[in-house]
Every structure is written in C-alpha cells, then in structure tokens.
Amino acid sequence: MSKTAMIKRVGRWAAAGLAMVVGATGLYAPEASAHGEKSQQAFLRMRTLHWYDLKWSTDKLKVNEKMTVSGKFHVFKNWPETTANPQYSPAFLNIGIPGPVFTRQESYIGGQFVPRSVNLTLGENYTFKVVLQARRPGRWHMHTMMNVEAAGPIIGPGKWVQIEGTMADYKSEVQTLTGRTEDVERVGTAGIWGWSWFWFLFGCAWIAYWAMKPLFIPRYLAVKEGVPEDELVSPMDVKVGLGFGVAAIVIVAVSYMSANATYPVTIPLQAGVIGVMDPIPAGAPAVEIGLEQATYRVPGRSVNIKIRVTNRGVNPVQVAEFETAGIRFLNPTVYKDDTNYPPQLLAPEGLSVDDNSPILPGHSRVITVTCTDAAWENERLADAIYDPDARFGGLFFFLDTSGFRHVVAIGGPLLPRFT
Amino acid sequence: MSSYSPAVFTKAEIVQASRTADWLILTLTFLVFTGGFHVHAMLTMGDWDFWSDWKDRRLWVTVTPIMCITFPAAVQYYLWGKLRLPFGATITILGLLFGEWVNRYFNFWGWTYFPINFVWAATMVPGAIILDVILLWSKSYIVTAVVGGLGFGLIFYPGNWVMLAPLHQPVEYHGMAMTLADIQGYHYVRTGTPEYIRFVEKGSLRTFGKDVVPVSAFFSGFICVLIYFIWHFFGRWFCTTKYLTEY
Numbered sequence: 005m006s007k008t009a010m011i012k013r014v015g016r017w018a019a020a021g022l023a024m025v026v027g028a029t030g031l032y033a034p035e036a037s038a039h040g041e042k043s044q045q046a047f048l049r050m051r052t053l054h055w056y057d058l059k060w061s062t063d064k065l066k067v068n069e070k071m072t073v074s075g076k077f078h079v080f081k082n083w084p085e086t087t088a089n090p091q092y093s094p095a096f097l098n099i100g101i102p103g104p105v106f107t108r109q110e111s112y113i114g115g116q117f118v119p120r121s122v123n124l125t126l127g128e129n130y131t132f133k134v135v136l137q138a139r140r141p142g143r144w145h146m147h148t149m150m151n152v153e154a155a156g157p158i159i160g161p162g163k164w165v166q167i168e169g170t171m172a173d174y175k176s177e178v179q180t181l182t183g184r185t186e187d188v189e190r191v192g193t194a195g196i197w198g199w200s201w202f203w204f205l206f207g208c209a210w211i212a213y214w215a216m217k218p219l220f221i222p223r224y225l226a227v228k229e230g231v232p233e234d235e236l237v238s239p240m241d242v243k244v245g246l247g248f249g250v251a252a253i254v255i256v257a258v259s260y261m262s263a264n265a266t267y268p269v270t271i272p273l274q275a276g277v278i279g280v281m282d283p284i285p286a287g288a289p290a291v292e293i294g295l296e297q298a299t300y301r302v303p304g305r306s307v308n309i310k311i312r313v314t315n316r317g318v319n320p321v322q323v324a325e326f327e328t329a330g331i332r333f334l335n336p337t338v339y340k341d342d343t344n345y346p347p348q349l350l351a352p353e354g355l356s357v358d359d360n361s362p363i364l365p366g367h368s369r370v371i372t373v374t375c376t377d378a379a380w381e382n383e384r385l386a387d388a389i390y391d392p393d394a395r396f397g398g399l400f401f402f403l404d405t406s407g408f409r410h411v412v413a414i415g416g417p418l419l420p421r422f423t
Numbered sequence: 008m009s010s011y012s013p014a015v016f017t018k019a020e021i022v023q024a025s026r027t028a029d030w031l032i033l034t035l036t037f038l039v040f041t042g043g044f045h046v047h048a049m050l051t052m053g054d055w056d057f058w059s060d061w062k063d064r065r066l067w068v069t070v071t072p073i074m075c076i077t078f079p080a081a082v083q084y085y086l087w088g089k090l091r092l093p094f095g096a097t098i099t100i101l102g103l104l105f106g107e108w109v110n111r112y113f114n115f116w117g118w119t120y121f122p123i124n125f126v127w128a129a130t131m132v133p134g135a136i137i138l139d140v141i142l143l144w145s146k147s148y149i150v151t152a153v154v155g156g157l158g159f160g161l162i163f164y165p166g167n168w169v170m171l172a173p174l175h176q177p178v179e180y181h182g183m184a185m186t187l188a189d190i191q192g193y194h195y196v197r198t199g200t201p202e203y204i205r206f207v208e209k210g211s212l213r214t215f216g217k218d219v220v221p222v223s224a225f226f227s228g229f230i231c232v233l234i235y236f237i238w239h240f241f242g243r244w245f246c247t248t249k250y251l252t253e254y
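Protein sequences, first through last, are from chains A and B. According to this note's numbering, the first sequence is numbered sequentially starting from 5. According to this note's numbering, the second sequence is numbered sequentially starting from 8.
The following block holds chain B by itself, in its conformation from the complex (with noise of 0.2 Å):
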C-alpha cells in the first residue's frame, strides 16, 4: 500500500477520523499554550502572580493583564480568521492556570511546603470569555481591541477580588498595620525574594490617593487594547507556512 493510500473510505469514517483529529489538535493546542504562555507569563509577571503579599492594587492589576493579553490575540487571530471559532482566548487563558496551577500546587506547595493561600494564580477567564464573546460578536478584531482589551483589563481586579479580600484584612501585628498577605509573606521565609524586592505600590506625591485600582485598572486596559494590536499581529505574520521551506 502506497503511504499516500487514503485510510479512511466512507463518510463515517471520515467524519470519525475528523472528530479524532479535532480532539487530538484540541488537547495538543491546549498542551503547547500551557508550556508556551506559562513561560512568557512566568518571565514577564511571574513573581506578582506568584505570591500574595505581591498582588497589589497598582502594579499587579496594571502587568498582570497586560501581559496575559499577548498569547490570546494571537491565537484569536488565527482561531477565527481562518476557522471562524471564538475560544482563541479562553483555550489559551486555560493553558495558562492549568500550567499555572501545576506548578503551584506541586513545585510551591507539593515541594517547597508555601501554603496555597500564599501562592495562589489569579484567573484570568472572565477576560479571555469577554475577548472571545467580542470577537464573536462583532467579527472585528478592532472592536475586540478596543472594547474586549479594555474590559481584560478592567475586569481583571474585581474578578479576583472575592479571592483576594480576606487576604486583605487588617492587622495590628507586633504594633504595625499589616494585611494578612503581608503577614504570610513575613512568615513564610524566602531567602531568595528579601522584602525589598517586592515592587508594590508605595505611594509618591505622584500617585492617587485612595482610589488607585480604578485608575490602575482603566490604564490596564488602555495598554492592553494596544497590546492586543500588535499581537494580533504576530497571529497574522506567524500562522502561515510560508518560513517553512519543506513540509
């Protein structure tokens, strides 16, 4: 038999093969972004995610997001323009906790013993559902942009908030005001992550007063509407066959 014999004759079958084929490029797809985006997200907000004395009202709302739109503007661009379905976001969004949560619960938990409540991953669904609903919506990758970027942005903070609030009580802890976050991150040692190296919110004569994650939030989702620009565009330079000279 030929290597170019077909394997499959009858419409069942190929209707068969097809199905397997979509389940078999399903679970691949969503294996490379949990390698792939965990990477990128590791090395580009790792530690503001990694820890809960890091998940600040300022900085943490403004990286996180911002960061974490690049590998669903890609993927939407290619899952949509050429199959027309709309989950580029949410598949790639998945990926990135089901790695996230991996390596919490075995690496920082499993191995190192940091309790879960300190090293919990933010999710980050709601965001990739808005992106993926807009773009289903209004077939647009402009509207997606502007409309899906900025609500990925704004909507990150109050979706995490319910996990973050009892992280946020107050404490009066040796005679200083702490938050519980706080207090984890002085009880559970890190000898390689000393205090100083926590680049939180510390308030200047430049910043806002009380209410900084709107504002934190809304410049989010300002820089997120302009990276979702330029990476819809790696979507469109890079899903091509045209580098590869045989295949």
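For reference, chain A alone in the conformation it holds in the complex (with noise of 0.2 Å):
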C-alpha cells in the first residue's frame, strides 16, 4: 500500500471514530445518577448498615450555607463473615458525594465528634449527623457513606441537592491555637506556588548551564574516543556545580529557619482510632420477633416474610415499617411518610399484613408480612436468590397506641419462589 493510500484510509477511519463518538454523546449523554451502590451484592447491603430516620434539611442552598444530614444507622449483627465488621476494623462516618462539592465541617456518632475512625458495636443502633457546607455549584446525588477497614464503602440512601451561587466565593475560615485566623481553602497557596516555582527554575537554570554547550552528540563522540575528562568538564564548570549547590543548601536552610521563624508553634498530623462510640441505650425488648420463613416471590416482585411477634410492652403495637437497604416499605394503614424520603426507595403502600389488628400486650401471633415494590428490581435487591450466600436482613418497625416506635432487626434465609 502506498504512503497517500496509507494516509487516506487512516484519515477515514479517524474520522468514522470522531463522528462516533460526537453522535454518541451528542444524541445521549445522561448524567451520571448514583455511585454505583447497586452493584453491591444484596445481601451484604441487606446485612451490614441499616439506615433510617434519615433527614436532608434541605434540597437546595447557596455556596457557604450549611446544611445536615442526619439519623440513625442499625448496626447488623449478623454481619457478613466475609466481610470485615466495624466491631473490629475500623469505620469511618464519610459522605457519599462527586469528590468536595461540599466541605465537611462536622460529624457526629452518638453525639461524639468523628473526624476520624472509630469502632462499633454489632446489633446496636446509633445517632449520626453531618454538617456540610456548599462548595461548588450544581446539583449532587448526596449519599449516607461508612467506610469500613478490609471491607469497603457501605452506602445508605442517596438525595439529589442543587448548590447555587459561585466556588471562587468559597471561605472557611478557622482561628489556630496561636491566634491566627487562616482560610483553609487558600492558606499557605502563595508560598507553596513561589517556592515551587523557584525550585522548578533553579533547577532549569543548573541544566541551561550545561545546554549552553555541545550536549550530546559532540560529547558521546568524545568520550567514546577518549578525549580527557578535563576538555569536557572545565575546573570552571565544578565551581560553577559547587556554586550551585552551595546554593541550594543555603536556601533550603535559610527557608527552613523562616518557616520556623515565622510558624513557631506546630503539630504534627493527628492519626489514630478515636475508640468505641457509645450507641442509643437500649432496654430490654418490648417487641420480639421471630424469623418462620421469608421468601421472594419473583413474578411479583415481592417478600413474604413470615414471623411470630411478641408483644412483651404495656401496648398494643401493629407493624409499621420494614426497611432494608434503605428501602422503605410502609404499612398505609398505620403509618405515613412526612420526611421527603426519596421516592425511588420508598413504597408508601407496599407493605401489608395478613392479619392486621393489634397484638396485644402479653400476645404472641404469627403473622405473614408481604413488601411489594418494583424497588426490589430496581435496586437490585431481587439478585439475593442468586447471591452465594441468599440470607436477607432488615428492620421491623412497630407502632404502640402511645406512638413510641420499636426498631427490631430480623434475617434469615430467603428462599425463592419463581411461580
């Protein structure tokens, strides 16, 4: 083939792959709308953390203004053994965003400060809280987040938030334990770019010393024919590389003594698990629950989970809620949703019971609980039945007639049914 023909045919390919590419993306480009929390097998987003009560304070703020995410997490205890557990390893409260669009300016776990890792204990349940100001604009997919040590993110529910206004009017401004006040965004900027830039051309300068003569071919030539060191390497050339670096010695002290000089007081960096978080105190079980049998009934996208509840409290309770995976399946005719839950994960009538009524105090029934809702598809939680381990894990909810609320976890086997 000849050099035009070459040419030619490379250039039509070039061009059928641009055309391509700008048709691909020009006719469907959607936006990116999660973080991948759906590839996770289900049944390790069925038994690890169980997010609920979650509140966003709001769906849409200004950069600078702050905003909360907040609510409980239920620590499952029969977590996956294949998976390491934040009993163990360490957790880290994190936030599910597209990298800092927000800053996180504060965490809590029970009330305690987290800024890093701590532990926890299976089958507890825990208060958390995030303080979040808005950085950059656009409008972010926010998910509850831990990160657990050897296991990975566990992601809960996730919201979508609109950040107005501009990044460059950014500030976070903190005041040092010497008195300073600095912008965390911008503080030490100057200097790192000056210094940088000085080393970056003193360097250029050492080496345009040595361009400045015949470089390579000249010099290869001569040392391959033995010419003396000394014609290619003058006693000019070793005081000026002598100079050079005297210099840098010199600079690096004399930088080094005006830092110190300058920043007197440091720290080094702070590192370490913070320790056990204390979890929301629990009393003895008013509500007991049972595991009978649970299944998936796959034609109709629906989980028949049978169980035998007792009634130990002082009122009669009736099944509100089951959550899992931050799915939300609720009984319509006890209790309704005023929390602007996202609606992907929330079934506000998919939950129903075949026998309904009150359990009275002292009373131990079977009942059968049916949760239906495309949700088991979409979000991948039907793909349990063909996990390598096909165990589900949840929370129960119930209401008492004094509207206090018991939160009971419960797992098990899930069996499919495919007629």
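Keep in mind that a hint or two might mislead.
As the list claims (entries may be wrong) - No more than 25 Å apart at the CA atoms, straight line, and that leaves these computed lysine-lysine pairs for DSS-like:
#1 A:243 / B:146
#2 B:217 / A:243
#3 A:228 / B:217
#4 A:59 / A:340
#5 A:133 / A:66
#6 A:76 / A:133
#7 A:175 / A:64
#8 A:217 / A:175
#9 A:59 / A:70
#10 B:249 / A:228
#11 B:89 / A:228
#12 A:163 / A:310
#13 A:133 / A:340
#14 B:18 / A:228
#15 A:59 / A:163
#16 A:163 / A:133
#17 A:70 / A:163
#18 A:163 / A:64
#19 A:175 / A:133
#20 A:81 / A:66
#21 A:340 / A:310
#22 A:217 / B:89
#23 A:133 / A:81
#24 A:42 / A:59
#25 B:249 / A:217
#26 A:12 / A:70
#27 A:217 / B:146
Keep in mind that the hints were calculated from the coordinates and are not lab data. Here the structure is a predicted model, which means the values were calculated and not measured.
Both chains are given apart, each in its own frame, so use the hints to dock them into the complex.
As structure tokens, this is what we get:
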C-alpha cells in the first residue's frame, strides 16, 4: 500500500471514529445518577448497615451555606463473615458525594465529634449527623456512607441536592491555637506556588548552564574516542556546580529557619482510631420477633416474611414499616412518611399484613408481612436469591398505641419462588 | 539521492544540526521522564505526595526520597558515563515535578476541585542538585551514592518545610487538636480514600517521641544510598543497544 493510500485510510477511520464519538455523546449523554451502590451484592447491602430516620435539612442551598444530613443506623448483628465488620475494623463516617462539592465541617456519632475512624458494636443502633458546607455549584447526589477498613464503602440512601452560586466565593476560616485566622482553602497557597516555581527554575538554570555547550552527539563521540575528562568538564564547571550545590543548601537552610520563625508552633498530623462509640441506650426489648420463613416471589416482586411477634410491652403494637438496604416499605394503615424521603426508595403502600389488628400486650402471634414494590428489582435486591449466601436482613418498625416506635432487626434465609 | 547521503556539508551546518539534535533530545528526554518517572512515583509513593494530610514526619519523609532516587541514579549513570553531563538527577526530578504539577493542576484542581494547598507536589530539586554536584565534583558513583544519596534523603524534609509549615499550625476543632492539614483532609471529602487508609505516623512503643524527623530523614538517606546503588545498575545494564537485534 502506498504512503498516500495509507494516509487516506487512516484519515477515513479517524473521521469515522470522531463521528461515532460525537454522535454517541451528542445524541445521548445522560448524567451520572448514582454512585454504584446497586452494584454491591444484595446480601451485603441488607446485612451490614441499616440507615433509618434520615433527614436532609434542605435540597437547595447557596455556596457557603450549610446543610445537615442526620439520622440513625443499625449495625446488623449477623454481619456477613466474609466482610470485615466495624467492631474490629476501623469505620469512618463518610458522605457519598462526587468529590469536594461540599466540605464536611462536622460529623458526629452518638453526639461525639468523629473526624477520624471509630469502632462500632454489632447489633447496636447509633445516631449520626454530618454538617456540610456548600462549595461547588451544581446538582449533586448525596448519600449517607460508612467506610469500613478491609470491607469498603457501605453506601446508604441518596438524595439530589442543588448548590447555587460561585465556588470562588467559598470560604472556610478557622482560628489557630496561636491566634491566627486562616482560610483552610487558601492558607499557604502563595508560598507553595512561589517555592515550587523557584526550585523548578533553579533546576532549569542548572541544566541551562550545561545546555549552553554542545550536549549529546559531540560529547558522546568525545567520550567514546577517549578525550580527556578535563576537556569535557572544566575546573570552572566544577566551581559553578559547587556554587549551585552550596546555594541549594543555603537556600534550604534559610527557608527552613524562616518557616520556623514565621510558624514557631506546629504539631504533627493527628491520627488513630478514636474509640468505641456509644450506641443509643436500649432497655429490654418490648417487641420480640422470630423468623418462621421468608420467601421472594420473583413474578410478583414481593417478599413474604412470616414472623412470630411477641409483645412484652404495655401497649398494643402494629407493624408500621420494614426497611432493608435503604428501601422502606410502609404499612399505609399505620404509618405515613412526611420526611421527603427519596421516592425511588420509598414504597408508601408497599407493606401489608395478613392480620393487621394490634397485637395485645403479653400476646404472641404469627403473622405474614408482604413487602411488594418494583424497588426489589430496580435496586437489585432481588438478586439476593442469586447471591452465594441467599439470606436477607432488615429492620421491622412497630408502633404502639402510645405512638412509641420499636425497632427490631431480623434476618435469615430467603427462599425464591419462581411461580 | 541515496537515503545515506549527508544532509549537512559545512562545519556551520554540522554545528547547527548538532545543536538542533541537542534541543530535540533534551526535550524528548525531559518528556520521557515526565511520563515514566511520574508513573513510577504515583505507583510507589502516590498518596503520600498527593495530599497534605499524608505528608507526615515519618513515612512521607522516608518513602518519598527512597522511591525518587531511583530514576536519577539510573540516568546519572548514562549521562555521566557516556556524555560526562552532570544533570541526570536534575532533569529526571524536573520531569517528575512537571508531570506531577500537570496532574495536580489540571486533574486534582481543574477536574475535581481539590485546592492546590491540599494537593501540592513536594519538591526534590535541592536533593537532585546535590546528587549532580557530588557526581560532578567527585566523578565517582560510589561517593555520589554515599554522600549524595544521604544528602538526597536528608534535605527532603527541610526543603519542603517552608511549604508544609503553615499547614501544621495547631487548631482546636470541635474539641480536638488538629493541624490545618488534618482539617483539610476532613473537609475535602474523598469517598475512595477514607481516613483509616492514611498511612502516617501513629506512634507506638517502638517509635521515638519528639525527634521523629531527624531519625526518619537519616533512615531515608541510608536507604537512598542502597537504592542508588541498585538503580545505577539499571542504568548500567539497560543503557545499551545490545538488546536490540536490529537498529
């Protein structure tokens, strides 16, 4: 093939490729709408952390304004043994956002400030709160999130939040223990640019000194032919080199002393696990449940959970809600949600009970709870029946006649029904 | 005209062609090390230099010089051994820094909006100059390894302290003592780099108390000596055409 023909062929293929890229992105370029939470295996999402009572203080704010994500989470007792658990591995209360579009100003577990990792106890419930300051304008998907060392990120429910304004206006000032007020976004930036450029140019000057003379080919031939070293490197070259070396050391020493004079008090980076967090105090459970059987009916996208409920409290109770992997199935005759929960994760009429009458104090009853919604499929929880450990987990919420809510965890095998 | 016919005839043309080749080779060398050394650095000590809350006084001080004396040693062998040019360390370090800053500015800041004072690249130019000058002065790889390698490790922390010191100011933040760098790490959310992943000094019964930096820097310098030896052999073994069957 001639050179011209080859160039034409390459040109045609390049044009075709460019047209495909432009066509593919120009005609259909949907926005990224999630953080891959559905890709995690269903049994892991249902049997690790259960986030509930979640509140996003707002879904629209301006740069520098603050918002709060708060709620509770339950650390599942039957945590999969294949996944490191936060009782023994450090866990870090994170927030699932696409980079620093918000800055995390505060975060608390059980009222304790947690800028670093902690340990949690299996089977316990915790309150949490994360305060965020808006930084970068845009529409962002914000998830609750807990990272567990050796396990990975455990992502909770997500919600869209809109930030308006200009990032250049963002400011986050703190006062140091020596009395200075510093903007975390900008402190030291001028020095970093200045010194980085200085040393870069210093290095360039050293190379430029040698580049003034013939470099590669003549020197290569000279060395190969055994030209004496003195003819290639003169005493003046050595003196100039020593000058550069001494200058580098002196400048480093002066800059070091100057930094110490400007910032006489500094401390090392702070690190280490904060400790075991305090859970929500829990007395003897007023409602106890035992799993009889749980089945997932594939055609109907519904889970039937047969449980024995024992009411050891003083008021009659009813099933109000079942939550798993952030999806909430509500019993509409008992409870209605008014928290503006993400609609794709809420089934407001998704829960029914075969005997919905209140369970009286001291009584025990076997009931079948049916949770039906397309969310089983959409959120890929139905995949649990294809998981290597086909078990489920979740939280039952019972309401008693005084309005008190009882939170009870449940888990066990999940049997598929294909007809 | 045969493809083997000379393109230059007069001495002036030869000199001109040689200088053109000099600048082309110099530019290409710089860009090759920008790419190759940058990948090496990111894979071996990436996070320590990505974030200000990883730039601690123990591991950052130790790991970064050890991982970054590698290419300088290999390139010094070639440039000095074959050309008597003493800027092998400086040109590789400048290539690395150029690549790092392109990454930090356009990727970390321009794309993901982490502020520069959180993701700045540490400088290693003073150490590189020392390596080159020691080689120029001593004309010996052994002296360069022992004296220059030690100097490369020792000068790293003080050379960067002027940029790091403002970020190590102490702050009481919601009842806890933190440096400004810690606060940066807390403020600027990294979903894929949670706090426990930080591999920084945490202290133990087997570590020194207050004077961590000098011990770390000397240890780093000592290992730099060994790494220099190993990597100068890479230069010796691979700056040859004997592996090419046709050229």
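Hint by hint, here is what the structure shows:
no.: 1; hint: A:243 / B:146; result: holds (14 Å)
no.: 2; hint: B:217 / A:243; result: violated (39 Å)
no.: 3; hint: A:228 / B:217; result: violated (53 Å)
no.: 4; hint: A:59 / A:340; result: holds (15 Å)
no.: 5; hint: A:133 / A:66; result: holds (20 Å)
no.: 6; hint: A:76 / A:133; result: holds (9 Å)
no.: 7; hint: A:175 / A:64; result: holds (19 Å)
no.: 8; hint: A:217 / A:175; result: violated (50 Å)
no.: 9; hint: A:59 / A:70; result: holds (14 Å)
no.: 10; hint: B:249 / A:228; result: holds (17 Å)
no.: 11; hint: B:89 / A:228; result: holds (8 Å)
no.: 12; hint: A:163 / A:310; result: violated (32 Å)
no.: 13; hint: A:133 / A:340; result: holds (24 Å)
no.: 14; hint: B:18 / A:228; result: holds (21 Å)
no.: 15; hint: A:59 / A:163; result: holds (10 Å)
no.: 16; hint: A:163 / A:133; result: holds (16 Å)
no.: 17; hint: A:70 / A:163; result: holds (16 Å)
no.: 18; hint: A:163 / A:64; result: holds (11 Å)
no.: 19; hint: A:175 / A:133; result: holds (22 Å)
no.: 20; hint: A:81 / A:66; result: violated (40 Å)
no.: 21; hint: A:340 / A:310; result: holds (23 Å)
no.: 22; hint: A:217 / B:89; result: holds (16 Å)
no.: 23; hint: A:133 / A:81; result: holds (22 Å)
no.: 24; hint: A:42 / A:59; result: holds (21 Å)
no.: 25; hint: B:249 / A:217; result: violated (29 Å)
no.: 26; hint: A:12 / A:70; result: violated (58 Å)
no.: 27; hint: A:217 / B:146; result: holds (19 Å)
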